[in-house]
Amino acid sequence: MEAASGHAMSQGLLSVKETIRIRLGPNKEITSACAPVFEPEHQEEARMVIYEADYLKDYLDEFSSLLMTGSPEFVSITEAGRQSSYRYAKNGETVILLTRAHQGVGQILNDLN
Amino acid sequence: MAVTPDALRKNLADLYSQPGVSGSCLQTGGLVMNHDLPYSDERVGNFAARVNHLVSGYESVDRPLWQICAGFENFRLLILSRGNTRLSVLLTPSADIDLVAARATRLLMELEMLPSPTGTSANPPVLASVGTAQTLQTTSETSPMMKRAEFEKIVTGLLSRVTGQAQAAKLIQRAMSKETTPINGELKRDDARRLGLAILDYVPNRGKRDALSSEFLNTFDS
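Chains as they are written, first to last, in the working numbering: chain A, 9 to 121; chain B, 10 to 231.
Treat the hints with caution; some may be incorrect.
[Unchecked claim] Straight line, CA to CA, 27 Å or less: simulated DSSO-like cross-link-like pairs of lysine-lysine:
hint: 1; chain 1: B; residue 1: LYS197; chain 2: A; residue 2: LYS25
hint: 2; chain 1: B; residue 1: LYS156; chain 2: A; residue 2: LYS25
hint: 3; chain 1: A; residue 1: LYS36; chain 2: A; residue 2: LYS65
hint: 4; chain 1: B; residue 1: LYS156; chain 2: B; residue 2: LYS179
hint: 5; chain 1: B; residue 1: LYS162; chain 2: B; residue 2: LYS217
hint: 6; chain 1: B; residue 1: LYS197; chain 2: B; residue 2: LYS156
The hints are simulated quantities; they were obtained by calculation from the structure and are not laboratory data.
Please read all numbers here as calculations on a predicted model, not as lab measurements.
The following block holds chain B by itself, in its conformation from the complex (with noise of 0.2 Å):
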């Protein structure tokens, strides 16, 4: 993974500004990148190797895994994949586990879109979910539409957690009026991206604006 010790503080630190995170731990497949879990190195290894072996025993039948979230006596854990990289946070019971995780998914969205630093070694490891994006590039390229009601679908499911149903078809409708006209019931990917965002913007409180926008994205470009 291409990613400076700077660069990677910087993107933590907003992390970390979230209560009740106790330590990380950023791997590439079952290699550790950083971590500052108050345990060995050798322990932190093991229990990266073993993040990798579940993850990867789920992507390994077509099942890909957002995240994972484990509750115990006296911790949670919360395991994010986007692509090679996984992102292991422990949070006492008292986080907001699902304010942790928007933020934490951010910041994997984040580390992908980092540059590499100038002047690595010829053949540099690169992030496999550089891959993914150009994957996701060539789909969207072969099918630029999505069906109308299968965007209000996804929309009108994040809203309705923070709304009441009529409200938010309410709202999807308002915006839609006012932003793009469907063709044939389809809309444009990017046109339903940017709708969908517009949208979910209208949420007032920050941390769930935050989440959904998140999940939005995820389940837009799944």
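The following block holds chain A by itself, in its conformation from the complex (with noise of 0.2 Å):
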């Protein structure tokens, strides 16, 4: 699997809105989102998210295995300009968090509730 592409993802659903949420069920099907996640030109980008959290969660599953951490709960990925934040329960949902502004972990778990 391949990270999403970077000049993609500068240029989207953060250059319009500053946090994007995205909620799916454990089918990964979205069950609430942000308005522009469902707008036409943020589709493929959406869709870029959505498997990076599956992406993400196969590596959180291969460290839990490597480290014995236990089972993998939420990562946050920080880059420049965004940071991309994944929660993951047990029963197969996951919520999204995309901000433009840096956040320390202590308010992406709040976010992310």
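Two chains, each in its own frame: build the complex with the hints.
Shown next as structure tokens:
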């Protein structure tokens, strides 16, 4: 699997709104999301972001197995101008939060709830 | 990576002074340089290879990562990356991740600045991030100015986490009027960097101040 392209990511959803939230059901269907996610010009990026949730989860599962840290609960990746955070619930639901501003972990966990 | 064990120990000691740090792994690319994780070298080698694979995957699509913070049932895992160097820190859930991240970022920056030990082979490994630093310098030479509005946005964004936005704006205005004069709405980058750090120096809590200063430098140099 490959991570989504930076060029596409830097000009899309977060150029419309500072914070984007997507909630996924156990089958990765969108159960709720901010309005821009449903706009045609952002659907490709939205798909990539959802794909990224699984991409990162695969790595977390590997880390969990290697380091014996227990089940993955969340991950947050920080890059220039963007922070992407994912919370994985035991029932298979996933919450995704994209922000332009970088947040501390406590704040991320609050916002992911 | 040209780092002596003594220099590394000294830098790691600062990281371990933070409560909740359970272990760390320093690697260049996929190669483990130092670790004290409570697992076999082989297991840590596998872990380092996967970390490198993850970070490289993002880098290959022009998304260089600064930080990955992962939460598990029993531990937190912090991965920082600068150039080709990755530092993974295993933490207990009660650890203050943001403070540890600030220390770890500083550690990586200091490792970049350490001189090469004398008597190394004719063709020693070189930190990839040295090249990055040179690139940044070149960029800075070609574009020595930055927009005042851009500078204010960065600093206000950081300050607003520890104070109100109005208070943050006031602090910036006061520092700017004392320190420097914008030319056509632009600041010299060197002035902006110095000014940003001086403004953040007003943050009373040392840990928060360090964290915000590190993040300011990351954002400023990106």
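Consistency of the hints with the structure:
1. Annotation: proposed proximity of B:LYS197 to A:LYS25 is violated, straight-line Cα distance about 30 Å (limit 27 Å).
2. At most 27 Å may separate the alpha-carbon atoms for a hinted pair to count; B:LYS156 and A:LYS25 meet this at roughly 22 Å.
3. Of the pairs offered as hints, the one joining A:LYS36 and A:LYS65 holds, with about 13 Å between alpha carbons and a cut-off of 27 Å not exceeded.
4. Distance check on the hinted pair: B:LYS156 and B:LYS179 sit about 18 Å apart at the alpha-carbon level, within 27 Å; holds.
5. In summary, the hint linking B:LYS162 to B:LYS217 is supported, as the alpha carbons are separated by about 19 Å, within the 27 Å threshold.
6. Taking the CA atoms of B:LYS197 and B:LYS156, the gap is near 9 Å; set against the 27 Å cutoff, the hint holds.
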